[in-house]
Amino acid sequence: MAPHSLPPADPRHHVAQVNIARALAPIDAPALRGFVEGLAPINALADRSPGFVWRLQTEAGDATAIRPYEDERVMVNLSVWRSLPELWDFVYATEHLDVMRRRREWFERMETYLALWWVPAGTLPTVEEAKDRLERLQRGGPGPQAFTFRNPWAPPVAAV
Amino acid sequence: MSVEPAVPDLAEQMASIAALAEPLRRALYLHVVAQHRPVSRAEAAAAQGVPRTVAAFHLDKLVEAGLLQVSHARTTGRSGPGAGRPAVLYSRAERHHELSIPARAYGLAARLLADAVDEAGADRALHAVAEREGERQGREEAGAGAGIDAVAAALERRGYEPVREGGRVWSRNCPFHELSRDNPPIVCGMNLALLTGVVRGLGASGLQVRMEPAPGRCCVSISNMD
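These protein sequences, in sequence, are chains E and Y.
Heads up: the first sequence begins at 8 in this note's numbering, then just goes up one per residue.
Heads up: the second sequence begins at 19 in this note's numbering, then just goes up one per residue.
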């Protein structure tokens, strides 16, 4: 169950989430097969999880073709959820936890790899915005514009 | 996870734990906890063979001490005016209580170590260490039986509060709960490795130890392989 410290849902705002990781091998290499095979079921799980709103994907059905940085190996995940507790529950209290447990088999750990922020309900973030939020987090640590599960921020009082 | 640097003073630490010193009160507490659902005054009183008012007095002291929490519900199935007041029900409070003399701050140390493992990407090393330790423990405990019963007993000894469901065991309590909220991949991964080792050390074969997270319970389940 999500930690009590996470702010509850706010109907005027949704939470956007970005995470990046550097794959240890090209996506079609045998080393990444375990990860690739799990993509479709885990994405389907996200789609039907409580609080899920949207996730970044190409026609292939996931975001693995997208390269937000010059580094060919860095992949991105971008999604929107109704609340922090619901996002937390998907990430850590479902089958997705096992993917997280095994991530080092497939990905390097990057210094700033996850950022969360509030968007007005009904709007979607872009990859550029997501990169900006990661950079803010890297530069200034957690704050209202970019935060983490461990240092969360409540949604703004006035609509963003 | 709250890792406040200041250690609570002795009186504060004592307050909750002292509430359990009285034998009847302790028995009532243990009874409530063992039911794993909210318990009424009447039920607790009957279980200990004492009057309802005596049970209520002790149960309320336990609530005051932060060891139990109160909820309300109708136990008779009636509703609407004239149905009577909802019953007061007791269940284990979520707060963790600890007595540490001399002062110890293992929670802080654990979080720092877990964070260091995470930042260094040293998950594999942690899993290896945990599995080795689990196996060492299991070997020391190995006895006559080596099936799911032995595993459930091993989990019970470790405070996991296991639940048997046919050929499967899951656990109500995570011994690393607060730490696991801070970093589930690292801590739950450690737990999985530890229990994998314990099961192997016990000599239990034909059992599958796997991640099966669900809200409000330990992320690991152990079952007979089908």
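No lab work stands behind these hints, which were simulated from the structure alone.
The structure displayed is predicted, hence computed values, not measured ones.
For each residue, glycine too, the CB sits at the ideal point set by N, CA and C.
Keep in mind that the hints are not guaranteed to be accurate.
[What the hints assert, rightly or not] Using C-beta positions, here's what the derived DEER-type ranges look like:
#	chain 1	residue 1	chain 2	residue 2	range
1	Y	H54	E	R55	21 to 31 angstroms
2	E	G41	Y	R55	35 to 45 angstroms
3	Y	S223	E	P163	29 to 39 angstroms
Which numbered hints are broken by the structure, listed smallest first? 3
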